[in-house]
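Colleague: Single-letter residue listing:
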Amino acid sequence: MNYSDPSIVASTDAPFLSLDGVRKTYPGVVALDGFSMDVRPGEVIGLVGENGAGKSTLMKILGGVTRPDTGTITVDGVTHDGLTVEASIGSGIAFVHQELNLFENLDVAANIFFGREPLRAGPLKLVDRARLRAQAAPLLKRVGANFSADTPVSALSLAQQQMVEIAKALSIEARLVILDEPTSSLPIAETDKLLGVIKALKADGISVIFISHRLHEVERVADRVVVLRDGMLAGTLPKSAINHDQMVKLMIGRMLKEREKAAESARPPGSVALSVKAIRTAAYPDRPVDLDVRHGEILGLAGLVGSGRTELARVLFGINRSFGGSFQLDGKDLVLGSAADAVANGIFLVPEDRKLTGILLDLSIAQNISLPNLPAHSRRSLVSASAEAATAEKQKTDLGIRAPSVQTRTGTLSGGNQQKVVLAKWLAMKPKVMILDEPTRGIDIGAKAEIYGLMRALADAGVAVLMISSDMEEVIGVSDRIAVMHEGQISGILDKDRFSQENVLLLAVGKQPK
Amino acid sequence: RADDKPTLAFVVNGASDFWKAAEAGVKKAQGELPNYNLELKYPEQSSVAIQQRLMDDLVTAGVKAIMVSAVDPKTSTDGLNKIASETALFTTDSDAPQTKRVAYIGSSNVDAGKQAAEIAKKAMPDGGKCLGFVGLLGADNAKERIQGMKDGLAGTKIELVDVRGDDIDQARAKKNVEDALVASPDVTCMVGFYSYNTPRIYEALRDAGKLGQITVVGFDDDPITLGGVKEGTVAATVVQQPFEWAYQGMKLMAAYLKGDKSGIPADGLIIIPTKIIGKDDVDAYAASLKAMSGN
Amino acid sequence: MSKKDLGLLILILVVGAVVAIINPRFLLPINLANTSNLIGLFGILSIGQAFVIITGGIELSVGSVVALLGTLFIDFIAVREMEWPLAFVLIIALGATIGLMHGWLITRLKLQPFVVTLCGLLIYRGVARFYTADGTAGFAFGQNFPELEFLTAGRSWGVPNSFIALIVIAVVMWVVLHRSVFGRYLYAIGKNEEAAKYSGIRTGRIVMAAYVICGVLTALSAIYFAMYTRSISPASHGQFYELYAIAAAVLGGFSLRGGEGSLIGVLLGTVLLQELQNLVNLLGIPSSLNFAVMGGVILIGVLVDQQWGVFRARRRMLEATRKGVAGAAAE
Amino acid sequence: MSKKDLGLLILILVVGAVVAIINPRFLLPINLANTSNLIGLFGILSIGQAFVIITGGIELSVGSVVALLGTLFIDFIAVREMEWPLAFVLIIALGATIGLMHGWLITRLKLQPFVVTLCGLLIYRGVARFYTADGTAGFAFGQNFPELEFLTAGRSWGVPNSFIALIVIAVVMWVVLHRSVFGRYLYAIGKNEEAAKYSGIRTGRIVMAAYVICGVLTALSAIYFAMYTRSISPASHGQFYELYAIAAAVLGGFSLRGGEGSLIGVLLGTVLLQELQNLVNLLGIPSSLNFAVMGGVILIGVLVDQQWGVFRARRRMLEATRKGVAGAAAE
Ligand SMILES: Nc1ncnc2c1ncn2[C@@H]1O[C@H](COP(=O)(O)OP(=O)(O)OP(=O)(O)O)[C@@H](O)[C@H]1O
Ligand SMILES: Nc1ncnc2c1ncn2[C@@H]1O[C@H](COP(=O)(O)OP(=O)(O)OP(=O)(O)O)[C@@H](O)[C@H]1O
Ligand SMILES: [Mg+2]
Ligand SMILES: [Mg+2]
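Top to bottom, those sequences are chains R, S, Z and P. At position 53 of the first sequence the residue is numbered 53 (my numbering), and the sequence of numbers has no breaks. At position 108 of the second sequence the residue is numbered 108 (my numbering), and the sequence of numbers has no breaks. At position 202 of the third sequence the residue is numbered 202 (my numbering), and the sequence of numbers has no breaks. At position 195 of the fourth sequence the residue is numbered 195 (my numbering), and the sequence of numbers has no breaks.
Treat each hint with caution, since some may be false.
Counterexamples of contact, computed for chain S against chain P with all Cβ distances above 10 Å [claimed, not checked]:
{"#": "1", "residue": "Asp4"}
{"#": "2", "residue": "Leu33"}
{"#": "3", "residue": "Ser108"}
{"#": "4", "residue": "Ala123"}
{"#": "5", "residue": "Gly127"}
{"#": "6", "residue": "Asp151"}
{"#": "7", "residue": "Arg164"}
{"#": "8", "residue": "Lys175"}
{"#": "9", "residue": "Ala180"}
{"#": "10", "residue": "Ala208"}
{"#": "11", "residue": "Gln213"}
{"#": "12", "residue": "Pro265"}
{"#": "13", "residue": "Ile272"}
{"#": "14", "residue": "Gly278"}
{"#": "15", "residue": "Met292"}
Here are the simulated DSBU-like pairs of lysine-lysine, each with C-alpha atoms no more than 30 Å apart in a straight line [what the hints assert, rightly or not]:
{"#": "16", "chain 1": "R", "residue 1": "Lys239", "chain 2": "R", "residue 2": "Lys193"}
{"#": "17", "chain 1": "S", "residue 1": "Lys122", "chain 2": "S", "residue 2": "Lys74"}
{"#": "18", "chain 1": "Z", "residue 1": "Lys3", "chain 2": "R", "residue 2": "Lys355"}
{"#": "19", "chain 1": "R", "residue 1": "Lys332", "chain 2": "P", "residue 2": "Lys4"}
{"#": "20", "chain 1": "Z", "residue 1": "Lys4", "chain 2": "P", "residue 2": "Lys110"}
Hints in this document: simulated from the structure, not taken from any laboratory. This one's a predicted model, so the numbers in the text were calculated from it and none came from an experiment. By construction, the Cβ of each residue, glycine as well, lies at the ideal position given by its N, Cα and C atoms.
With these hints in hand, go ahead and build the complete structure from the sequences.
Modeller: Following this line, the structure appears as structure tokens:
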């Protein structure tokens, strides 16, 4: 065993978990390459790394979802070649997956205790439904949920679902809780709550592995940071050495000035591109929304969980119907019957749920990129594979998509690279209005900077950019103006000189800033 | 229902053109029995359960007498008895002698098979090899016809070597003939046991240019079969007389309900014999068919 | 009882009332008994199917299994003169085995349910036909099994025992589906099998169990059907019964994508289908239209259900919008 | 040609060779012509089905549509003495209408394909049976339509024209499915309809078009079947043909989940199924086993295909691991 951090050896506690020489390959990629680490009781480990560095793979191995090719996992002194899901749960490892895994047809309580339902006495294994709800309620309170235990999961927004996932992990009498990007779609208030939860766990002697691309969160809770690069251990940082720049350096091997990259606007904003007048959405049919997005600006759209931003984006993109109201694009009235109409008018959406709506996991990178614009990649209705490949190659280089080739199935890419493919398919066309819903969700810091750069370049080229984001730093750092939503309505719009976390938060909870 | 005339039902064993003649017979009987409602019922599928259900429902609807061509008479004794206990039950087409049915009116499939053997013997005095085609190999009428034919051929140089089933899929029926022509080049005669088998044989032979070279023995009176008989390419066909079954049967049931049991013989069997229709009889037969259907 | 189920119940009652007005004989005890007997037979079948559909699967071989096991059952007791309780147990075991086999092929070898059971549909009937050499399996004249006949085709207090059996089975299965952990897992797997697996559920075993339940119930109803017709031509016996069962489930609010549906729903679906069959015969509608009526009603049923949902959603929206506008005006 | 297709082709050739050795008459031109005629008929049907399956849908009403449209076609030209080209166009238009209706119900009213087409299965056959009053639609003796018969049942240079029609259709449809923008959309929708919608594809129209294509091809094959049997009992004509078509597609590597399969695959699937039917007759296997043989071969086919995939994936894994270990050792 080779520990780069001497403080571990000095510790008196026996590690709860240790990994030794774990290696995992997928066809064409080495996801993990001889990785070793260990976790002691009551320790919070921040696990960081670029997209595709192997973080999720590592966690899947710990969760028993996949087996390593070589290497061993030692839990509580027992050494395994690989874990099963049962073994993992049995040894007290609880897991919040990066991709959500809830059952829409069951309610919140059933989801939290799924697989561990309280039973009535008797051999029939009947569910004790009263006890189930009673046990779920305090957990929900702990994660700060604003919904009750008998809400059907199908009625929850993505962020609310993420809270259910966290409550689920808490419900296990766990000794190690793994959180794979639990905050990726959580706004700031909920994130704070979650960080509090982590601290409480630590106080109870429970270990936590916390994976996040939001490095300041890692800074706040981690006792130790483990950095992955290309499937290998790039280094560990003890509590005293944890800071933003150090983590970035280990992750990408050089220093990066992230915020500077999201440069200031090169020119003053132009005329109004998309004008939204009294649009009502299905989520808040009684709340009309008015909003103007101008050419050449990045308009940030902030708000709390379930404030209706995603629903608004869907309506603007023609996926969902609006109830009353009207749109104007460059001063002309616009009727959106479907996403196809929006695309035809140059309004594009990068959706928040990329696995379900952003890309087709079974198609190649090239096929995904050409999909919205196939007629341009065809001659006499016949698809030209070479034209497709050419477009994709260009986007792959421009955006730095990490993949063996443009013919690679997008399903095998890491989350961040999948997100780049979603962006690429729209960038390959000519956007007028670009709507991005949580564009950097699950994206590493390097790629984030690139995406900010791309957004700015779009705006500078005259595109109207509407960026929905729950990441406060991102909203403040990237936007030219910030609109804040509260319960389905725009509660206020901030110009650059009034940008502050406090102002955004006040608007988000429906109060007016001073 | 509005009128309170007693209803007599004729329940067939499945949808088939064969029963069109029986419909005509029912119609003719209706003309002579104005005080009754006469109905002919097709079960939606040729299956015991569905026919049983149909009869149960008819009894519920108040039918006074039922004449049935049971899908599977040999083993449906209890079901038929249940109907017989609730209404007057007659059988037709194939008998169920062990039940409490009042009488059977129809022909004998075994005899029909024997008549088919007669046709074959006459057409092929030097002997030959026959192949049969049928819809459901397991059905009683098929088994009896095949048995009758085998009995009739016993001791001759003609042999019925195989019978192929098609599950009442006419595309398969035709392909079966085509495949048989390939698989057994030495076959000299073909028998179509179900009404649609003979026309399929006729067409497959015509497509293969073998009309006239192979003796065709038919059953029933599909227009194509009769045309073939007239043309001389089908040796002859054995016809039953469903028109008579229905016509006489309905009148018999009406009389029985009135208490007149004179029409019912001691053994309960009223056999209306099958007929061989050859080249010489075909015109007269076609004319009589036309007259029966009344158009 | 959910709103969906209630709607179905009302439909059943309305149709019944209309038929009773046109032909009052519809309400004769004997007719109700006959119909509830068939409801019993098809209901058992449909509950089995429902368990498979919940998991997102489908069982197309039901009709062929009814033919094969029915044939074997009659053959065992009538020809081989086995004691009927033994034959009964054997047939149920065979049903379980068939279900297990399907479940195994589907969960372990990862074949699609549609494909596996389609092959079953083709194979089992073929085997049954081969077994009887395309003949008929039936009882000889006068062959009687008093207890067996009482249990399967008899009546207690005027109610067919098959219907009573259905009620008992339905109650048990309701508890299993709606109150037990197993039932909850079935729903979860039907919605999101991957997630269930990540939660440490042995999804393979659960799905397999669903197919076994379906196999057992199918075997049971095969025995009932055999004792109802008392004779079986394997070539046609039970043909399309899978469609009846699937139709009952769909009418009862099951989604073929899995994870949706209630036990009461599938029962009511069966009742409606049998009522329709009864109606066609009682009202003198040509039987050629029997299936067409069934198809039409199913289509209308799911359409109304679907459009009703859309309508309600829209109305809710409109109301909310109106309220919003009124509120804004008042401000 | 994909590896899957190649495997199927080899299977077809091996089975053919075995049959030819046992009964050399298998290779007689007349037998090949007869069989390829049926391959033509069923092939057209199966290609139509394939288009629907690609989108993740299913078309169960195929057999009933073959019965209904065949009945109407014969009735139009034989009884109503319509000019056959007119009747032909009418029938094709009817097929398209049926497809459009199904597509509309599925995409606009959001009903499940299985449910819609199951109702179609029940309704169309009922209508056909009602139309002929449960009788038979057929030509009178000696009624002839020389051009029509040549086109449908005739031969050119010994090859059945129906087979030639299939080849022409297959070539066109191959281009449509594998090379055209429309084809790409079909695959995309089959894989993930939501994501396709978010890419700005009008998924409703595309899916509807797939059902129309299926309707048109089914209508065409209905005419071919009608001219082949020259007489139709709507109660049984075309029964289970949907299963043949689905089976051909599944054998040809289509996934019923959608988004997978090749045109060559479905053609080869059809060829294999018809070869099996031919084999049963030529080798004198009892006709009762016909369907069982079919079921058995489909099951074995998908099993081998599936296990082969698993085996290859495992081997790839092992190799990757071995290489990796060797690399690590070398370092
Ligand atoms: N099922 C799979 N098949 C093939 N390759 C895979 C598979 N799963 C992951 N990979 C590859 O393994 C590597 C590591 O992926 P992993 O998901 O662990 O990254 P990550 O660190 O979690 O990234 P992100 O921050 O984007 O979530 C990537 O190159 C990815 O493409
Ligand atoms: N079609 C709908 N009908 C009714 N309620 C809906 C509908 N769609 C969404 N909602 C609800 O409306 C609220 C707004 O959801 P939306 O996803 O638009 O919010 P958001 O601001 O994007 O938040 P998040 O950060 O959770 O994505 C949520 O509570 C959601 O459950
Ligand atoms: Mg990850
Ligand atoms: Mg959102």
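Colleague: Check each numbered hint from earlier against the structure, then list the numbers of those it violates in ascending order.
Modeller: Going through the list in order, the structure violates hints 7, 8, 9, 10, 17, 18, 19 and respects the others.
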